[in-house]
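Undergrad: Heads up: the protein sequence lines correspond to chains A and B, in order.
Per my numbering, residue 39 is the first one in the first sequence, and the count goes up by one each step.
Per my numbering, residue 8 is the first one in the second sequence, and the count goes up by one each step.
In short, the hints are calculated from the structure, not lab data.
All values reported here derive from a predicted model rather than from experimental measurement.
Hints may contain errors.
[To be verified] Under the rule of at most 20 Å between Cα atoms (straight-line distance), these lysine to aspartate or glutamate pairs were calculated in the DMTMM-like manner:
| # | chain 1 | residue 1 | chain 2 | residue 2 |
| --- | --- | --- | --- | --- |
| 1 | A | K204 | B | E295 |
| 2 | A | K188 | A | D250 |
| 3 | B | K191 | A | E195 |
| 4 | B | K28 | A | E63 |
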Amino acid sequence: MKPVRSMLPLYFGPPNKALFGCYHEPPSERSRKCAVLICQPVGHEYINSHRALRQLAARLSDAGFPVLRFDYYGCGDSSGSSEAGRVSQWLENISMAISEVRYRAGLTQVCVVGLRLGGALSAIAGAQRGDIESLVLWDPIVDGKSYLEKLIFLQKEMLRFRPKPKRDRNSQGHIDILGFPLSNFLCSELEKINLLTLADKPAKNVLVIQSDQTTGEDSLNDHLSRIGARLEHQRLEASQIWLPTTDGSLLVPNQVLQSVVSWTSQMHQCQTHCQTH
Amino acid sequence: MKDAFIKSRPMKEEAVLFGEKKSLAGVVTDPPTTVGNHLRPAVILLNPGIVHRVGPGRIYVKIARALAAAGFVVLRFDFSGIGDSAVRHDNLQFEKSAIREAQDAMDFLKSTRGIEHFVCLGGCSGALISLETARCDSRAVGAVLINYPVTEDEDGSANADLVNRRAAHYYWNFALFNLKSWHKFFTGRANYRQLMQVLRLEAKRQFTSKSEIPREATEFEVNLRQLTDRGARLTFLCSQGDPLLDELRKAGGSELQHLCALGKVTLDIIPRSDHTFSSLDDHEQLLEVILKRINGITCSGKKIINTPQAASDAEAVSVGDSVGRVLD
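So here's chain A without its partners, still in its complex pose:
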């Protein structure tokens, strides 16, 4: 019988703004000198990609990395109402989560993996902090404005096949995107996101994984190289797991997960008798 791998659900941070996370401890016989933080997307994209990111965390931990997945303030199991989400708050949350995973793992080197908005936020946080060793940007949001437009389009499409809600949410200071409120303030923050304006490199080593052909990674790659990041770019045929599916299934793109684990393992070699699985 396989042993149950060690995973600890926990709350961290200040009690009035506690964040939920899951800490995956690596097996003691394999250890790397780098901890991994996984930054998830938000809203329906968070729900849809939870399964894949949980599996990614398990695989990274199996490869010898201590891993922390966490929910931003106002998201998932973390404290705060869904209306309370702010980009500035989420950037602080990433810093808090970096401290938490460093403390738990007893390591200083950190690799951050971010999907969609999680990718954009981790790139911004990395550029501001300047202490991220390596960064995986999995289909990151490059331009916040077009991200918002696509969310609004998705909401309109969804409304074609369900009764229209009675109340106009715009009048209440937020819009409804598939049951997640986006406040006017958050929208204005999201609109300002543009990874092509990053002045400093977000990490020493960056892997950009592109499965969505429409997110404009080419210009992102050029920009990241220009600001001094050691860059690797991979185009992979994989499902856009963050989108809702007609039958409600949650997809796990094996190839992407394998790429992330293998690149991260190459960047951060094992200290002891370590085999990548």
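Chain A is already provided as a structure; the job is to place chain B on it using the hints.
TA: Only chain B this time, still in chain A's reference frame:
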């Protein structure tokens, strides 16, 4: 107002691991004050399908916090292999392991909070497990069953059919009476392929005899009777825009109508909502009904007390400003 109430009273949330191998991950939300909690059952939220314990649109978090603000201890957790809980390595079927794990959740709350009575709440397959758990374990004094799927897809192949049934339900109940939809139809912007599929489906249904209601429908009626005879309170919550509602009415038949009339079972319909409650309006309405229904169940020792309010509300429900209906 409800949101303001919840925000003004910070929740106490605790991440937990429980079960035989400490492999089931969950979050317990405790009320701001613990006075008198032993009189109330704890509420256990069961995964809606394979979505993790946060629920679609974060609705399970909202439900847990609203109930905790009303004085209930709430546990939301993931079944094995879903969300953050580890996969089981025995050969137990999901239908059985899920019930056992819901019972593990009860044991956990008994050992950590001293609570002995529970209400199981779940959406879709979570509703099935809630009903089954209530049937198997007398500690469950009630169940809130959201969009209960009377006919379950056993091999997953019926998913496409379910999509068509949902579309059919939407066309017959909403689009047919909507000028914009007719405008789309006459200006070539409608989904004609789906319309044809829906028409075929309806034609097929018209030729299918009513006697072909699946066998589990009869079992379903028996289950309802057994549970209510035991004194358990059952609430069915259905989206108006969901085809499962029609199936529930058919399967429940006269027994469901009878039990509703006696106030032992309630059937609340959430107006203008869809299967996953994918709008913020749906959330507000759902929360309101859940609070009302669960507030109606309190326990004293082993005796379940149905409050007078709950009994009088069983036949007709008014959901705030919106209108809820029972077996219309």
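Undergrad: State for each hint whether it applies.
TA: Now for the hints, and whether the structure bears them out:
1. A/K204 - B/E295: holds, 16 Å
2. A/K188 - A/D250: Since the Cα atoms of A/K188 and A/D250 sit roughly 13 Å apart, the hinted pair holds (cutoff 20 Å).
3. B/K191 - A/E195: holds, 14 Å
4. B/K28 - A/E63: holds, 17 Å
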